[in-house]
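Chemist: Sequence:
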Amino acid sequence: MTTIAIAGSVSVDITVRNAPANWCAGDGIDGYTPELITELQLPIDVGLGGNGAAPAYVIGKLGGTVFLSAPVGTDMSGQLTRRWLDEAGVRLLGEPTASTMSAVTAVDDQGKRLGCLQYVGPPVDWLAASQCDDAAWLLIGTHTKATQDDYDNILLALTAAREHGTRTVLDSGLSWLRTLQPPAMHALWRQSDLVIGTGDELGAWSDRTDPEAITRFVLDHGPRDVIVKLGEEGAAWQGFDEPFGHQAAHKPGSADVTVGAGDGFNGGVLAALAQGDSLRTAVDAGQEVAGAIVQSGRGILGWR
Numbered sequence: 053m054t055t056i057a058i059a060g061s062v063s064v065d066i067t068v069r070n071a072p073a074n075w076c077a078g079d080g081i082d083g084y085t086p087e088l089i090t091e092l093q094l095p096i097d098v099g100l101g102g103n104g105a106a107p108a109y110v111i112g113k114l115g116g117t118v119f120l121s122a123p124v125g126t127d128m129s130g131q132l133t134r135r136w137l138d139e140a141g142v143r144l145l146g147e148p149t150a151s152t153m154s155a156v157t158a159v160d161d162q163g164k165r166l167g168c169l170q171y172v173g174p175p176v177d178w179l180a181a182s183q184c185d186d187a188a189w190l191l192i193g194t195h196t197k198a199t200q201d202d203y204d205n206i207l208l209a210l211t212a213a214r215e216h217g218t219r220t221v222l223d224s225g226l227s228w229l230r231t232l233q234p235p236a237m238h239a240l241w242r243q244s245d246l247v248i249g250t251g252d253e254l255g256a257w258s259d260r261t262d263p264e265a266i267t268r269f270v271l272d273h274g275p276r277d278v279i280v281k282l283g284e285e286g287a288a289w290q291g292f293d294e295p296f297g298h299q300a301a302h303k304p305g306s307a308d309v310t311v312g313a314g315d316g317f318n319g320g321v322l323a324a325l326a327q328g329d330s331l332r333t334a335v336d337a338g339q340e341v342a343g344a345i346v347q348s349g350r351g352i353l354g355w356r
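Counting from 53, one number per residue, gives the positions in the sequence shown under my numbering.
Mixed in with the good hints there might be a few duds.
[What the hints assert, rightly or not] Here are the simulated SDA-like cross-link-like pairs (lysine to any residue), alpha carbons at most 25 Å apart as the crow flies:
id, residue 1, residue 2
1, Lys-113, Gly-146
2, Lys-303, Glu-284
3, Lys-303, His-273
4, Lys-164, Ile-96
5, Lys-197, Ala-239
6, Lys-164, Asp-127
7, Lys-197, Cys-168
8, Lys-113, Thr-333
9, Lys-303, Ala-344
10, Lys-303, Val-68
11, Lys-197, Asp-252
12, Lys-164, Ile-89
13, Lys-113, Arg-350
14, Lys-164, Arg-350
15, Lys-197, His-238
16, Lys-197, Asp-127
17, Lys-164, Val-98
18, Lys-164, Arg-242
19, Lys-113, Gly-83
20, Lys-197, Pro-175
21, Lys-197, Leu-179
22, Lys-303, Phe-292
23, Lys-113, Asp-252
24, Lys-197, Pro-148
25, Lys-303, Ser-348
26, Lys-113, Thr-55
27, Lys-113, His-238
28, Lys-164, Gly-286
29, Lys-303, Glu-340
30, Lys-197, Glu-264
31, Lys-303, Gly-251
32, Lys-113, Ala-140
33, Lys-164, Gly-255
[As the list claims (entries may be wrong)] What follows is a list of derived Cβ distance ranges for each label pair:
id, residue 1, residue 2, range
34, Thr-196, Pro-234, 31 to 39 Å
35, His-216, Gln-131, 27 to 35 Å
36, Thr-199, Tyr-84, 37 to 45 Å
Everything labelled a hint here was simulated from the structure, so no lab data went into it.
C-beta atoms are modelled at their ideal positions from N, C-alpha and C, and glycine is treated no differently.
Could you build all of it, start to finish, from the sequences and the hints given here?
Modeler: What follows is the structure in structure tokens.
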């Protein structure tokens, strides 16, 4: 497997199951009372998240050489995430930051997300990953709160990586959906060899809803390959030398919380592509990882 560089976020993800509505409403007090405490029936999960850390963790666990540019702090969250990444053999680029992204997500008894509190943390150094000379692949994954500065630096990073002969992969997620016009996103696509996104995300930038129409539109705007993540409907793909295809989801024996599945999917895809597999085979590998994450209900750390 060739070396992969990744730029994206690292997060401590806390999942609260069956959280009651309005559990923290009211005036604050300096102390605990019986009325203040709401009992939970299930334990709180603490795990590794982030659209940089999750795919890096998967690739490392699969035996790949992976470098990650992400803000990992000197705080307790940073110490936790650094330990988990070390266990997977992920090599961090850059110096420690002052703090680390963290998120608390409440889910219902079906594993559906009710709300999320998120501390975004310091900005990602997008350019550091593009300057990793040993990398044959660069994956850039952006978080929901990405800024215009992030956009500008990501465009520079993708362009620089391609000039060095590195194959580039972009998953922009929900970033900039309310702030950018489609032509600006298409400019990022033109510097990407592979674009990955959900049907809703890529549909918003293409003004299409049908997966095959989405893939055609994306390919017409620069990338060599495209993968559309369709959740319970599986995934679709099309490439320069592969026709449109659709694969049903890998249904786990029992489904649980889906947090981390999409980012884990990206890790499975990149690990397969880095060892020379076809786009179809890479999608299958990504779905295998995502299905295992959903079945475990413990995010990326529960995958294996």
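Chemist: Hints first: check each against the structure and report whether it holds.
Modeler: Hints and how they fare:
Taking the CA atoms of Lys-113 and Gly-146, the gap is about 22 Å. The hint holds against a cut of 25 Å. Our distance criterion of 25 Å between C-alpha atoms is met by Lys-303 and Glu-284, whose separation comes to about 8 Å. Taking the CA atoms of Lys-303 and His-273, the gap is about 33 Å. The hint is violated against a cut of 25 Å. Between Lys-164 and Ile-96 the alpha-carbon distance is near 15 Å, which keeps this suggested pair within the 25 Å criterion.
A hinted pair counts as satisfied when its Cα atoms are at most 25 Å apart, and Lys-197 with Ala-239 qualifies at roughly 19 Å. Restraint check for Lys-164 and Asp-127: not satisfied, since their Cα atoms lie roughly 30 Å apart, outside the 25 Å limit. Between the alpha carbons of Lys-197 and Cys-168 the distance comes to roughly 13 Å, so the proposed pair stays at or under 25 Å and holds. At most 25 Å may separate the alpha-carbon atoms for a hinted pair to count; Lys-113 and Thr-333 meet this at roughly 19 Å.
Between Lys-303 and Ala-344 the CA atoms are separated by roughly 9 Å; this keeps the pair inside 25 Å, and the hint holds. The suggested pairing of Lys-303 with Val-68 holds, with an alpha-carbon distance near 24 Å, which does not exceed 25 Å. Pair hint Lys-197 plus Asp-252 holds up; C-alpha atoms about 17 Å apart against a cutoff of 25 Å. Of the supplied pair hints, the one linking Lys-164 and Ile-89 holds, its CA atoms being roughly 24 Å apart against a limit of 25 Å.
Of the supplied pair hints, the one linking Lys-113 and Arg-350 holds, its CA atoms being roughly 16 Å apart against a limit of 25 Å. As the CA atoms of Lys-164 and Arg-350 are separated by approximately 14 Å, the hinted pair is consistent with the 25 Å bound. Taking the CA atoms of Lys-197 and His-238, the gap is about 19 Å. The hint holds against a cut of 25 Å. Simply put, Lys-197 and Asp-127 have alpha-carbon atoms about 21 Å apart, close enough for the 25 Å limit, and the pair holds.
For the hint linking Lys-164 to Val-98, the alpha-carbon distance of about 17 Å falls within 25 Å, and the restraint holds. Restraint check for Lys-164 and Arg-242: not satisfied, since their Cα atoms lie roughly 35 Å apart, outside the 25 Å limit. With a C-alpha separation of about 44 Å, the suggested pairing of Lys-113 with Gly-83 is violated against the 25 Å cut-off. At roughly 10 Å between alpha-carbon atoms, Lys-197 and Pro-175 fall within 25 Å of each other, so this suggested pair holds.
Restraint check for Lys-197 and Leu-179: satisfied, since their Cα atoms lie roughly 18 Å apart, inside the 25 Å limit. Among the hinted pairs, Lys-303 with Phe-292 is inconsistent with the structure: their alpha-carbon atoms are about 29 Å apart, more than 25 Å. Between Lys-113 and Asp-252 the alpha-carbon distance is near 30 Å, which puts this suggested pair outside the 25 Å criterion. For the hint linking Lys-197 to Pro-148, the alpha-carbon distance of about 21 Å falls within 25 Å, and the restraint holds.
Restraint check: the Cα-Cα separation between Lys-303 and Ser-348 comes to about 12 Å, which is no more than 25 Å; the hinted pair holds. The straight-line distance between the Cα atoms of Lys-113 and Thr-55 is roughly 14 Å, inside the 25 Å bound, and the hint therefore holds. For the hint pairing Lys-113 with His-238, the CA-to-CA distance comes to about 33 Å; that exceeds 25 Å, so the pair is violated. Simply put, Lys-164 and Gly-286 have alpha-carbon atoms about 18 Å apart, close enough for the 25 Å limit, and the pair holds.
Annotation: proposed proximity of Lys-303 to Glu-340 holds, straight-line Cα distance about 9 Å (limit 25 Å). For the hint pairing Lys-197 with Glu-264, the CA-to-CA distance comes to about 29 Å; that exceeds 25 Å, so the pair is violated. At most 25 Å may separate the alpha-carbon atoms for a hinted pair to count; Lys-303 and Gly-251 meet this at roughly 19 Å. In summary, the hint linking Lys-113 to Ala-140 is supported, as the alpha carbons are separated by about 5 Å, within the 25 Å threshold.
Only pairs whose Cα atoms come within 25 Å are accepted, and Lys-164 paired with Gly-255 is accepted, the gap being roughly 22 Å. Our hint of 31 to 39 Å for Thr-196 and Pro-234 is violated, since their Cβ atoms are close to 18 Å apart. One distance hint, 27 to 35 Å for the beta-carbon pair His-216 and Gln-131, holds here, with the actual separation near 33 Å. Checking the proposed 37 to 45 Å range against Thr-199 and Tyr-84 shows it holds: the Cβ atoms sit about 39 Å from each other.
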